[in-house]
Amino acid sequence: MTFLHPWLLAGLLAGGVPLLLHLVQRREPPTVVFPAVRYLLDATREHQRRLRIRHWLLLLLRTLLVVALVLAAAGPTVARSGVTAHAPGALVLVVDNSLSSAAVAGGTPRLEQLVRAADGVLARATPADAVWLIVADAAARRGDPATLRAALRELRPATTRLDLGRAVLSADEVLASEALRGEIVVVTDLQASALAAAAPRAPLTVARPEGAIPRNVGIVELGAGSQPWSTDGGQAQVKVAGDSGAQAPLALLAGDRPARQALATVGGAVQVAIPGAAAGWYALKATIQPDELRLDDQRVIGLRMAPLARATCAPAGRFAEAACDVLRANGRLLPGDDIVLGGFGSAASVVLPPADPASLGAVNRELERRGVAWRFGDVALAGGTDSSAILPPVRLFRRLRLVPSGSGRTGVLLTTAGEPWLVRSGSVLLVGSRLDTGWTELPFRAEFVPFIDVLLNRLARGEVASLDVVAGDAGVLPDLVSAVVKGTARWPVEGGGRFAPPDTGLYFLLRGTDTVGALASNPDPRESMLQQASDAQVRALWPGAHIVPLDQAASAAFAAGARGDLRGPLLWLALALGLAEVGLASVWGRRA
Amino acid sequence: MGGVHPYVAPRMSRPEASAARARLDLLDPVDVARLGGLELVSEGIVEGFLSGLHRSPRRGFSVEFAEHRMYQPGDELRYVDWKMLGRSDRLYVKQYEEETNLRAMIVCDASRSMAWSGAPDVVLPKLAYAQRLIASLSLILLRQRDATGLIVFDDEVRHVTPPRARAAHWRQLLTTLSATQPGQGTAAAPALKRVVDILRRRGLVVFVSDLLLDRDLALTALRFLRHRGHQVVVLHLMDPAEVTLSGPAEARFEDPETGAAVVLRPRDWAEAYERTVRGAVSDWNAACRRSGIQYHRIVTNTPFGHALRVVLANPA
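Heads up: the sequence lines are chains L and E, in that order. Position one of the first sequence corresponds to residue 1 (the working numbering), numbered consecutively onward. Position one of the second sequence corresponds to residue 1 (the working numbering), numbered consecutively onward.
Mixed in with the good hints, there may be bad ones.
As the list claims (entries may be wrong) - Over the 12 Å line for every Cβ pair with chain E, so calculated as not near, a few chain L residues: (1) T31; (2) V33; (3) P35; (4) A43; (5) R45; (6) E154; (7) L169; (8) T287; (9) R375; (10) S425.
What the hints assert, rightly or not - Here are the in silico distance ranges between beta carbons for each label pair: (11) I198(E) to H22(L): 17 to 25 Å; (12) V122(E) to V24(L): 51 to 59 Å; (13) D283(E) to E28(L): 31 to 39 Å; (14) I198(E) to L23(L): 34 to 42 Å; (15) H227(E) to H22(L): 51 to 59 Å.
Hints are computed from structural coordinates only; laboratory data are not their basis. It should be emphasised that the depicted structure is a prediction, and the values quoted were computed from it without experimental measurement. The beta carbon of each residue, even a glycine, is placed where N, CA and C say it ideally should be.
Looking at chain L on its own, in the form it has when it is part of the complex:
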């Protein structure tokens, strides 16, 4: 118990006033000569014991009355655990059903334990309480306790990660607009990787499981290097992580071809050779043996196998020519003129701004002749490319605006400050800057050669990208994508928009009926690490957090941090004591 004004407790000395008055009144009273004392003695003989009890009761009531008033003035507050009833309040319940909650601990799914604890919290809520529920999708849902309990019963482990710090802040924002006194209760497996710093204004209770942490191994990374692969196959990289130091048997499957086995060391990466296949799109799936957490035992990406591009790079300048030489040396490019980089070819062309500004008109006329829907415009301000799956942001020193000549802006692959920088129209790609150091820093960057690879092997062929997103996140679709499919499911989309995969797995991107890319949605690798944060770590990140075991979550709810104000009950008690004193002094006095 704590007090808002502890110095007022000195007033407890006033509790001795009734006793003092009692003692003072025990002084010898005035003597009255009264012949009928025998009648008084007879009367008192019968009632003396009751009267004595009454006097002591009155003394006790008066003392308690003073003590209650002094305590009320001192403003006592007390932790409300153990108190079944509570004043109406606001509570945001964060239930961590992230991927890690699917782990089985002690023979019981962790989520089942969390839901049981969370249900206990909601069971204490009354219709007068304002209650919200936040789960792994991070959306705060308000509802009556019964509805939210029903939602809890339907809760399943999500494939996504829950940033607990963000969830706590989100809960705090919810409570900020609530008039009732609020508190946050987080029911979580307290995965260390899920914690982030937060300093909510509302009291925070963290309910965590106790006992052994399940050991887990999961696939945290699956890569196929530069794509497309040639039809001769390639090397897939698999990274396995977890709490176990044992080696994990691994299987990789490309399409419906026989799986390739390997043995991966936890914490390390392994290269697995995937045999070649006919040109096409494949799902490359890696799996390990099932363990306590099943959802991270599998990972998938899109794999494109196609013949290598035959390209001429000389017209693009020396930097592009050098990059193409590197690609040829590494078996990523073949000599030929199927694609011309820096000029117009018979098949596909990657057109750059002419080195001589005087040639710009001729280039634009040729573009128009070929039916390309874009033209080079005037010189624009320098800037940087926007982030994309094709290229990380790079600085641009010079660029020409790419101006659509048709009715709409289509085929944009890369932008700078929202304006097109790399576009496609038919078999022609237009780049807003020349690929040399006078126009962009790209030739100095490590991403230059892979960009040339993507440009020639994928983009010039009409393909877009193989996107990889974390489960729960949305990916930005390239402009020309018109639909996303997974198995028999199909989602019509608009190019340039965002697409959030409803589940983990591989999604193919279509332009019309052509597959132009893939989008792989896989669990966040951090979810595979089930190591729990210590109480000290939690308190360091969430100052003032009240940490309780799962089985105490219900009793801590509507109480943790938000200490019960006892002034009201004490004033009621004082009133009751006062009434009892008056009643005892009058009614019993008349009966004496």
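Place chain E on chain L using the hints.
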């Protein structure tokens, strides 16, 4: 007979109120006492009382009907029972048990408790009230030619005046009463035993006391008197402050006779005290009734005339 409730003066009409101005028996006792000495006041009380009676108290008081007998020549015609003659056509005369003057002894408690008044300015002390009441009663008896005596006692018998029927005897009684000073304790039994010695024939014993005494001893003595054939009347005097408990917030109540004391808050105990007093009065009344003793409780703010009426209007 013998009411156990405090006396409540009847509401008087206007003519009665006017007449009451001349009747000391109906005035407030303390006002009456201020008018003069014991003799003057008592005469005034008796005059007023007798003027208010419609018939002589003697008729039902001192002469007791015994039996009928056949008329014999020489019998006085005034004793012929004319109703019997009418019913049976025979002459009967009424024969009375006592045809001589009554012998009455008044026993007065003069203990210290009798000298107490809860409000001396407005209520007479019990002893003063008793003195005036006894003086008035004895005057009435003497006027009826009844021999009247007086015993005054406290913790012992202080004074004994044998019964006499002479008119001058009243002044002797007055002298005794006037000289009576409150004593210490209360011992009624010896005084009542003295009555046995004095009243050889059956007579009237009037015991005037606040009954703050040994109840069992007193009742035994009273029953013995009754057993001897005396008509016994107990006049229980109570001060109004003894009926209803009051006083300071808390006080030490001390018995002036025994020194016994109790500390209490009158407000807390008033109801219980009144219950106890009612119970004690009821016990006295019941005990006296069982023994054929008249019991009257008289609160000392009761006009003397009403007290006399209560006493004299109830023949044994």
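Consistency of the hints with the structure:
Taking the minimum C-beta to C-beta distance to chain E, about 5 Å, the non-interface status of T31(L) is violated against the 12 Å cut. Not every Cβ of chain E is farther than 12 Å from the Cβ of V33(L); the closest lies at roughly 5 Å, contradicting the non-interface assignment. With 12 Å as the threshold on Cβ separation, the claim that P35(L) sits away from chain E is violated: the shortest Cβ distance comes to roughly 3 Å. For A43(L), the non-interface assignment is contradicted: its Cβ lies about 4 Å from the closest Cβ of chain E, within the 12 Å cut-off.
For R45(L), the requirement that its beta carbon stay farther than 12 Å from each beta carbon of chain E is not met, with the minimum near 9 Å. Every C-beta of chain E lies more than 12 Å from that of E154(L), the closest at about 69 Å, which supports listing it as non-interface. For L169(L), the condition that its CB be more than 12 Å from all CB atoms of chain E holds, with the nearest at approximately 66 Å. With a cut of 12 Å on Cβ distances, T287(L) stays outside the contact zone with chain E, its closest approach being about 91 Å.
The Cβ of R375(L) sits about 111 Å from the closest Cβ of chain E, beyond the 12 Å cut-off, so the non-interface label holds. At roughly 109 Å, the least C-beta separation between S425(L) and chain E is larger than 12 Å, which holds for a residue marked as non-interface. Distance hint check: the CB atoms of I198(E) and H22(L) are about 58 Å apart, inconsistent with the given range 17 to 25 Å. Between V122(E) and V24(L), the C-beta spacing of about 34 Å breaks the proposed range 51 to 59 Å.
In this structure the hint that D283(E) and E28(L) lie 31 to 39 Å apart at CB holds, the actual value being about 33 Å. Our hint of 34 to 42 Å for I198(E) and L23(L) is violated, since their Cβ atoms are close to 58 Å apart. In this structure the hint that H227(E) and H22(L) lie 51 to 59 Å apart at CB holds, the actual value being about 55 Å.
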